[in-house]
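Participant: Using the hints, put the two chains back together into the complex; each one sits in its own frame.
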Amino acid sequence: MFTYNFKYELKLLLRSSWIQLLTLLLLLLFVFASYNGKQKVDKRTADITSAQTVVDTSDKETLSILLAIEKGEDLNLSPWVTPTSPINIGNQNPRVAAMPANEMAFMSVGQSDIYTHYVLPKVSGDDFALNLSEMASPIQLLFGSFDLAFVVVYLLPLIVIAFSYNVLSEERERGSLKLLASQPISIRKWVFQKIGIRMFWISIMVLLATTVAFLLNDIKSFDGYVLFFVTCVIYMLFWFGLTFAVNIQIGKSTQNAFVLLGFWIVFVLLIPSIINQVSDVLYPVPSRNQLINEMREHKSEAEKKQDQILDNFLRDHPEYAVNNDANSKSFWHSYMASQKIVKEELQPLLSEFDNNLAKRQKWVNKLQWLSPAILVQQDLNTRAGTSKADYENYRQQILNFSNEWRDYFMPLLYNNQVFTSEHFSKLPIFQYKSDKSIINGYRLWGVLLLTSIVLVIVIITYKLRTKKEYSIIQ
Amino acid sequence: MITTKKITKKYGDFTALDQLSLNVKPGEIYCLLGANGAGKSTTINLVLGFINPTSGEALINGKSVFKNNIETKKDIAYIPENLMLYPTLTAMENLDYFSGIGGQKLKKDQLESLLIQSGLQPEAFYKRTNAFSKGMRQKVGIAIAIAKQAKALLLDEPTSGLDPKASNEFGELLQELKGNGVATLMATHDLFRAKEIATHIGIMKSGKLKQQFTASDISLPQLEKAYLDTMNYKELAK
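Protein sequences, first through last, are from chains H and G. Using the UniProt record's numbering, the first residue of the first sequence is number 1, and each one after it goes up by one. Using the UniProt record's numbering, the first residue of the second sequence is number 1, and each one after it goes up by one.
Since the hints were made in silico from the structure, they are not lab data. As the structure is a prediction and not an experimental result, all values here were calculated from the model. Be aware that a few hints might be false.
[What the hints assert, rightly or not] With beta-carbon atoms standing in for the labels, derived distance ranges: (1) H:273 / G:68: 45 to 53 Å; (2) H:273 / G:5: 57 to 65 Å; (3) G:189 / H:269: 47 to 55 Å; (4) H:273 / G:127: 35 to 43 Å; (5) G:10 / H:440: 56 to 64 Å; (6) H:208 / G:13: 14 to 22 Å; (7) H:208 / G:164: 47 to 55 Å; (8) H:174 / G:10: 40 to 48 Å; (9) H:1 / G:66: 51 to 59 Å; (10) H:32 / G:123: 19 to 27 Å.
[What the hints assert, rightly or not] No farther apart than 20 Å at their CA atoms in a straight line, the calculated lysine to aspartate or glutamate pairs in the DMTMM-like style are these: (11) G:208 / G:196; (12) H:426 / H:173; (13) G:134 / H:173; (14) G:108 / G:123; (15) H:220 / H:42; (16) H:189 / G:190.
Using N, Cα and C, we set each Cβ at its ideal position, and we do this for glycine too.
Excised from the complex, chain G in its bound form (with noise of 0.2 Å):
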């Protein structure tokens, strides 16, 4: 479970997060919308606890992220918008590797079939991702995620520059993980993606959380409206 609690987080006079609460339950998918700087990705980098917040609490399961930042990130799964890994590594052992310093062992049969889980092409297995897409690369990612058997998914604009297919394909991934009990944090400017995948829906603007929905509970228009409506588009809103 990932849950904030009025976490606020200011640089000098400007606030970038403020008193953001939250919770996403297991087997939950919550999508945060915004335009840039509303204050999506210092979430995620709160949650991460990659950044102290000035006020506020994060949790993952009940644990605070800043007290105990290297446990809590046992059950946190990462993946930024643009994930990078080691060019000269193939797929298996960037697998291998991000996998192994965060303690799981994993034999070579289990590497390749989480590669297949993710989605990566079989012969894409032993190459070298110096050459590999953006698309083929968040595989990995994703592979990477499952590996590590997390109860919370933090995703950081994961779909931003993926072609629609390989899109489609990691929102089947996050609806398996879905099913699995993960808890799914997701930043993005897709809104046809969130309302497709998500459980849940917050708009945020200007560091605060402005609206929230059950994604079950609004149809795309209406949730364009009201995106449309909270950022001010009042033109495109019409």
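Same shape as in the complex, but just chain H (with noise of 0.2 Å):
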């Protein structure tokens, strides 16, 4: 039955208009996706690339500077912008600390709408956690990024549905079901056929646009493109599984297409809206707000009593009293000091952020189960290096850099040190490093298995159910 099964049904759906249109549709929403993924990638790109030019035309000016100083050019600078006081290089002289996209990242836009891609950390500066977010268009987060993910997570199942809701409900419509159902052969078992070869020419259809799509964005990656395949393969298995349960329990096309649509509704739309809207009740962040002006009282007050604050740091810090004397003492040597008790001052509540983001970020890891289109986004954005966790990943990374940064300058500032050119070949550097261990196939397997629970109560609904193939063929 087999082989006819998937010589005829090749035939039937090269023949159908209506078929060549999805794949002609599914081929067009690869292709504008993946495009349109990696123009947000270019200009992330060369956002960066922008940035760390004009630190290095930024640092060439400078280090001539300096060597010229070093020499005894008298250049006659104000020493707000002296490159050999280390805050003014701190300040004006900060390193890009970047996160580049990784060659997958035009599949999924994810966070990255959302997210800052690079911070000029500077030593004076105010804490990075709370300068990552980026202005965004309100209607562009509104209805999100057409990207590859959005094609995959939202379109897909439609054209999978569109596919395959009527297989057997046409043949019963057409008539020609009763003859089909007088030859020896199992109609569920002809369904399931059908409906795997349906999914085998899909499949080819997403593979044959995927290759299209990558070959267009110049992708090299193999491993990405057998992985996203794989994913979309993962998914649809999912949604074809609805659709057989669907087509062999209900009788009419319209019947099967509202019900499958209903399926849609609550998986894609749904839960995933639910499971944020209470995650927003049960966990909720701080507003941002309310970090800046709390941390805007902070400073005020700490400007109010800048040298108590100072001794306080001095007598915490000896290290940096060594060539402390009064005349010493300048305005970078209080500033610094009030800074360093403003973030402690302000730790409970920055951690208060942090927990309720990490509660909440568990929450929706733990019920992300519930629905295959929260795992296969999830799953494409770790991919991408759009995640959630990618962004903290950053986060922590950028608070260790600029931590890192004004360690290096705070000995000089406080041992009254000339900043040097032999300083300026030390400047740490940030180096992004993506958390390989963010990524796991874990979610696929999910999917899996939510798909396998869907095959699983068809077969027991059938099995308890006393009407046999009457229920099919009638």
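Facilitator: Quick look at the structure:
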């Protein structure tokens, strides 16, 4: 039966203008979405390159000034810009702490339209954890980005439904089912094979569309290509499992279509939305405005008692007080000491912010198993390096680097050392390290598990029903 | 051989078929006559195993249809009232597909030979069936049935809507199959055709087999009168 089903199902599909249209649509969606994703990645890369160019130009100028000063030239520079001051270098020659896009970033915009991809940590700057989000168009945030992940998670199930919602009901409505059922075959097996063949067909189309999308965007990662395709196939398996269940349980094509669209709404829209809403209620994150206001209040308080803060700071850090005397205390000595106090006082609020974010993410991670759409979206985001975990990893690296940057200048400041070209060559450098442990395949196993659950429920329901072939044929 | 033993089908309180027993031997054509709702199609559906009986049993060559549904279907060929094919496949492809999934692997010349045997015009063999008339589709259906080399043939109003020529050709084909030892059970409204091709005729009403005849023992007018009497069409019977 399979050989004949395979041969003629492919002929029927190839001769159906509706299927041809769907196939073309699938190709167009993949190509457009991947192009769109690549545009965003290119912009991100261009932004980082542009920032790096500005820094490189500034570094070159600064170094030439330093060398000139070291040769004894009098450049008559203002004390606020002279590069011999460590704080001036720490503020005016920051490094670019960038999170470059990985090769697969084009397939899922993920959180990348919310967060920035580079920051320039300054020695006197605020806590960089607060400055990671980027201004984004609210319209775009509302509708999301039209990337490959969007096409796979949201639109591919609709294409699967359109391809296979009426495998059995079409036969019944056309009148060919009775002739078919009079053959020595199991109709359930026949439906299963037909749906399997249609899945094979769409898989071929997805493979073709993926190949075109990867080639057009010059993506050379073969692993990424294979894994993306496997993700699509596993996700489609879930939806084909559902269409099989609906095909053999329900009678008319219109009913099938409505039931399957209902499932789409539940799994793709409702469950993710409900999880998000409930997590907002259970683990509210303190508002960013509250954080910023508190930070300003603490700064203002600190400025009022800067002398006292500096004394306390030097008592806590005697290593910085070696060359200290009353004449060498500058604005920056007091300011940097107060920055540390402000940071310590803000720590509980920042911790609450971080803890609630972590709890919320943990909760969402637990409930992601309820929807294959969430699992696949998360999987694609992690592979694209645009997941929440990736940005959290980036944020931690920026925090560490900003501390490293500050720590490099603090001894120079408090020891009243002159900044030299030798110091310049030893400036800390930021190198983003992606966390490979974020990527793992357990979510795809989760989708397979959900598919198995659907099929087991179908089998049990069928076994429990007293009606057999009759329910399918009539 | 097609056998039903006191087969009954109820839908709630409604009895669609009531204790029907009949026996169609190889080389016999049994025509079931009756008005709409008499239980003719229900009988065919029960013998095909499309529906489960409330009680009783249907057998094909001594095997229970309900216990060995797929196995017994190997011996059954079926032509419904309005046979529909895959419109985007040609006659040859439809025949190849339906024969193939039933386990008959046929070569191109065998498929052509079957279509010739069914009476389909050769120029239609490689045309898509979307423009086929009902008669042409029925012929493809007959070819599917012949290909199966089935021992039992079930026909549900096969000549309704056919023009007289097509109907006549259909009758001739049934006679050929009868000669090959096929047991045929046919539900029809067509008294004339039933008298012409059947070896046995049964008249059904309200799910019951009211009268049975050997076709050779009864003339067409007698059959017509018996039918109208059974249906209580007294005015017409006069």
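Participant: Each hint: holds or not?
Facilitator: Results of checking the hints against the structure:
{"no.": "1", "hint": "H:273 / G:68: 45 to 53 Å", "result": "holds, 51 Å"}
{"no.": "2", "hint": "H:273 / G:5: 57 to 65 Å", "result": "holds, 59 Å"}
{"no.": "3", "hint": "G:189 / H:269: 47 to 55 Å", "result": "holds, 53 Å"}
{"no.": "4", "hint": "H:273 / G:127: 35 to 43 Å", "result": "violated, 52 Å"}
{"no.": "5", "hint": "G:10 / H:440: 56 to 64 Å", "result": "holds, 58 Å"}
{"no.": "6", "hint": "H:208 / G:13: 14 to 22 Å", "result": "violated, 57 Å"}
{"no.": "7", "hint": "H:208 / G:164: 47 to 55 Å", "result": "holds, 53 Å"}
{"no.": "8", "hint": "H:174 / G:10: 40 to 48 Å", "result": "violated, 30 Å"}
{"no.": "9", "hint": "H:1 / G:66: 51 to 59 Å", "result": "violated, 22 Å"}
{"no.": "10", "hint": "H:32 / G:123: 19 to 27 Å", "result": "violated, 46 Å"}
{"no.": "11", "hint": "G:208 / G:196", "result": "violated, 24 Å"}
{"no.": "12", "hint": "H:426 / H:173", "result": "violated, 78 Å"}
{"no.": "13", "hint": "G:134 / H:173", "result": "holds, 17 Å"}
{"no.": "14", "hint": "G:108 / G:123", "result": "holds, 15 Å"}
{"no.": "15", "hint": "H:220 / H:42", "result": "holds, 16 Å"}
{"no.": "16", "hint": "H:189 / G:190", "result": "violated, 37 Å"}
Going down the numbered hints, you'll see the structure goes against 4, 6, 8, 9, 10, 11, 12 and 16, while the others check out.
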